[in-house]
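Given the coordinates of chain A, work out where chain B should sit on it, guided by the hints.
Protein chains: 2
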Amino acid sequence: MIERLSNYEQSSPMITKIRQRWFEIDAMSGVGLDPVVEKIPQEVWNQVGKGNIADGITFFNQKIIDATASQTVDYKINANFYSGEQGRRALKNTFDYLKKTHPEILRVCDGKFADVGHTADHLAAEIFEELDADAVLLNPYLGSDAIKPFTKYKDKLVILCVNTSNPSADETQNIPLADGTPYWKFILRKSLEEWGNNNIIPVLSATHPENLIGIRSLVGQLPILLAGVGSQGGDLNQSVPQCLDKNGYGLMISASRAILYPERQPGESFPDASRRAITDLKNNINQAKTLSHG
Amino acid sequence: MIERLSNYEQSSPMITKIRQRWFEIDAMSGVGLDPVVEKIPQEVWNQVGKGNIADGITFFNQKIIDATASQTVDYKINANFYSGEQGRRALKNTFDYLKKTHPEILRVCDGKFADVGHTADHLAAEIFEELDADAVLLNPYLGSDAIKPFTKYKDKLVILCVNTSNPSADETQNIPLADGTPYWKFILRKSLEEWGNNNIIPVLSATHPENLIGIRSLVGQLPILLAGVGSQGGDLNQSVPQCLDKNGYGLMISASRAILYPERQPGESFPDASRRAITDLKNNINQAKTLSHG
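Order-wise, the sequence lines are chains A and B. So in this note's numbering, spot 191 of the first sequence is number 191, and the numbers just go up one at a time. So in this note's numbering, spot 71 of the second sequence is number 71, and the numbers just go up one at a time.
Chain A on its own, in the form it takes in the complex (with noise of 0.2 Å):
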């Protein structure tokens, strides 16, 4: 592993994270772990008791865990679906569960944030301190002064919204400026260039795939978090191919409902029903790693 890790130029101790658990399990699936209240197993309520949020959330996500984390680069933990003060206790104890039980998977923390000055100061120490996530996600229209307290912790990692795989991200991120270049492309090419310390990496979109055409020819070899695939349409085969690094990975992959609440065969349990949809998800990427370009 570790010859294959020194075909990589130098990087940031989070891309260098990303690429070791990609060879340590031949895999580049991840799970997002958003969990909705109403759609978690009846048999966790049964364990926690009804009603008590904070404990319902943890003890779902730790299973999840559990199930999961052996075919599993990164788990994605949005914080806007940890509302309340229940809700951020949940946010807390995965962090920490994770971080107890499995080190070498990257802890992303989601939520798309952009705030500015002492409120992104006071954001960054939330997410790289408190909750100890390794990467977060950002989005961003305010430039980089909503990127840059962030950045300047330079052993974590930026995980920038650049494409977005919803549909209406066309009309605000493919818009083309004066010189032809879409406002995605711009922002990919400044925000590398100018806003972190080799410790920003991109979102883009499965769901058009004819974005991702020479796409490595921009991002040279960083991981990119690869959006839309799966409940938004984003087509493995397609997109996959094109966004591969020398070393045939360079992608994350998450899928989130699919994997938290798959269909259950008869007498599953709940977690093995996750563990079924995570080897879905990886033997899809690995397949789709074998199709050649275009």
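Heads up, some of the hints might be wrong.
Since the list can't tell identical chains apart, any single copy or any two copies may satisfy a pair.
When the alpha-carbon atoms are kept at most 27 Å apart in a straight line, the in silico DSSO-like pairs for lysine-lysine are as follows [stated by the list, open to error]:
#	residue 1	residue 2
1	K148	K39
2	K152	K39
3	K246	K154
4	K185	K148
5	K152	K185
6	K50	K39
7	K289	K50
8	K92	K39
9	K152	K100
10	K39	K246
11	K154	K185
12	K148	K50
13	K63	K100
14	K246	K148
15	K92	K50
16	K246	K100
No wet-lab data here; the hints were simulated from the structure. It should be emphasised that the depicted structure is a prediction, and the values quoted were computed from it without experimental measurement.
Just chain B now, kept in the frame of chain A:
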């Protein structure tokens, strides 16, 4: 007051609420309730007990509210400051207190959120139902998918971060599109025309008064949240006159640190100092109104 209100076109309930407040107190001043634990005065901890973060923030906010309400159009509460379990309890307590004691004042949940799909639905329910905020600050980068889950609450208000006051907004928001329009102006037009139910108003910046020339021809009589006054260097005299609506109001201008932690005069209590600070803000804005354009 009713006569002056009828001088506006029909609008959504929260825009009417803002206008009523302008007339009622003849002011456009507001308060950003963004408490930093380390800056909360010792008197507060003496009262609630040291280390009791949730109660400390709540008590501090209540005292600031009591001292400033009579001169305040809106309280802008940035959720990004209310971190962890304790912070979220204080956030809920603060919204509850405002609703109970000053239902006539606009309760804005800041956070500059942008998320999509069922995450956005969840976030909107948290902010507009659990917290019962009147308005929310959102980020436009993801397009209408991130906005419509909020604007579908027709009786609530979305305040869109169109042109922010931080220095780096220049690099991402002022860049010209193919037709020469700055990106933020494209976002302004698109959002007002397509994303809402007459319940979107913009954040614009006082730091570039030249951007505000002729702004009423773009936004009509909509209220504007004018950012960047005070610590960010925006000048009231340069920016206020060209943003007034036809009744001589049209703006919400809030300060945070200047009102939460003003320099205290000998023997002055912290609420009295904050009352003095909001009075200064109100008077400075009303003074700027009397200056002619340009």
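* Identical-chain pair category, K63 with K100, by Cα at 27 Å -> within (14 Å within a copy, 41 Å between copies)
* Within a copy, between copies, both or neither: where do K152 and K39 come within 27 Å Cα-Cα? -> between (38 Å within a copy, 24 Å between copies)
* Using 27 Å as the alpha carbon limit, work out where K92 and K50 are close: within a copy, between copies, both or neither. => Both: 21 Å inside a copy, 23 Å across copies.
* **Intra/inter-copy verdict for K185 and K148 if alpha-carbon distance must be at most 27 Å** => both (19 Å within a copy, 25 Å between copies)
* With 27 Å as the alpha-carbon cut-off, assign the pair K152 and K185 to within, between, both or neither. => For K152 and K185, the Cα distance is within 27 Å only inside one copy (23 Å; across copies 31 Å).
* Classify it for me, K152 with K100: is the Cα-Cα distance of at most 27 Å met within a copy, between copies, both or neither? => So K152 and K100 pass the 27 Å test inside one copy only (25 Å; across, 42 Å).
* Alpha-carbon proximity between K289 and K50, which holds within one copy, between copies, both or neither at 27 Å -> Neither way: K289 and K50 sit 44 Å apart in one copy and 57 Å across, limit 27 Å.
* Asked: Between the shortest in-copy and the shortest cross-copy C-alpha distance, which are at most 27 Å for K148 and K50: within, between, both, or neither?
  -> Neither: 42 Å inside a copy, 33 Å across copies.
* For K246 vs K148, is the C-alpha pair at or below 27 Å within one copy, between two copies, both, or neither? -> neither (29 Å within a copy, 41 Å between copies)
* Asked: Checking K92 and K39: alpha-carbon separation at most 27 Å within a copy, between copies, both or neither?
  -> both (21 Å within a copy, 25 Å between copies)
* Taking 27 Å as the upper bound on the Cα-Cα distance, should K246 and K154 be classified as within, between, both, or neither? -> Within one copy, since 25 Å is at most 27 Å while 51 Å is not.
* Asked: Using 27 Å as the alpha-carbon threshold, which applies to K154 and K185: within, between, both, or neither?
  -> within (24 Å within a copy, 35 Å between copies)
The structure is inconsistent with the numbered hints 7, 10, 12, 14 and 16, although it conforms to all the rest.
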